[in-house]
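If you're matching them up, the sequences are chains S and H in order.
In short: position in the first sequence from 1, add 23, done, that's our numbering.
In short: position in the second sequence from 1, add 70, done, that's our numbering.
Take the hints with a grain of salt, since some may be wrong.
Stated by the list, open to error - Within a straight-line C-alpha distance of at most 25 Å, the following computed PhoX-like cross-link-like pairs (lysine-lysine) qualify: (1) 250/H to 109/S; (2) 225/H to 108/H; (3) 225/H to 116/S; (4) 151/H to 109/S.
The set of hints was computed from the structure by calculation and includes no laboratory data.
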Amino acid sequence: MINSVLASIKQFLLRHQLGVMLTGSILFAVLLVYIALLAYDRSGASSLDLSHPDYDGLRSQITTEKPDEISSTGLITEEFLNEFDKIFSERAKEAKEIDAFGGNVLSDEALGITQ
Amino acid sequence: MTHRWTVFGILMVAALSTLLMLRVASAETTPPELSQQKIQSIRSHCGSIRSTLNQLHTTDALLRVNRGQMYTSLSTNVMAKMNSRLALNRLDGSELVRVTTEYEEHYSVFRERYERYNDRMEELKKIDCTQNPEQFYVALTDARTLRTEVNEATKQLNRDIDAYHGAFSDFRTDFLSEQKAKND
């Protein structure tokens, strides 16, 4: 019984080789896309993706990364240490100048919910 | 003898039940008390609340991207390069490396917390505040708490930045003193 079913499947596959190959390729591509989308969602990349149409107006406000100012090779000199201190102080100031995710923006008062 | 075992059994069952109840009670999120006035307020302001939440969620996404870039850049382009240069010069930068490692661990905490906050905000935005104001308010309270946790993570990163700067200043003082002593 099983042998006859397997034989008919084999016969079908041999008879429709092109169709089977095309369908198989499409199914494989769909599987790969599914895995990619799953990884995109699970990794948290989706929440950082500002190419979403809703974020259209915000894309211009993304700050571009600063060019490399410090070399990982070279001697340690007083001049280099002073330069590093200056660069680090600037970066530290930039990091601390705003209270990110702070404030009471989700409070009842801010949302207009009365007691 | 049998009586003793019965008492022991009852006591064990009672202790286990108490433990189980305590666990269940702590696992449950206590819903915030909502007055009728508050429910009504959520219903009547539903449109403006949703609009504010949408706007906030969008600006938060931008803030997350910009903060993320800044924190990563500070770690890879500034701290790591300094640590590497010290190592190449066979100088002791162990304290700087230790602070950098902590900073990177705290950056992972920041990422995870933002993810949780973002997921809750997505859920919150899907709840209909006119139909389910109570459920909406529970989700809002959660989102509020998670946002505060993200804020705390950024403050921790700021403390790490200060710690790195402090460790660098100590290194510089020691290094320059040694250089001066050598030259004298």
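Taking the hints in turn, this is what the structure says about them:
A distance of roughly 22 Å separates the Cα atoms of residue 250/H and residue 109/S; the hinted pair therefore holds under the 25 Å criterion. In summary, the hint linking residue 225/H to residue 108/H is not supported, as the alpha carbons are separated by about 33 Å, beyond the 25 Å threshold. At roughly 13 Å between alpha-carbon atoms, residue 225/H and residue 116/S fall within 25 Å of each other, so this suggested pair holds. Restraint check for residue 151/H and residue 109/S: the C-alpha separation of about 15 Å stays at or below 25 Å, so the hint holds.
Taken one by one, the earlier hints fail for this structure only at number 2.
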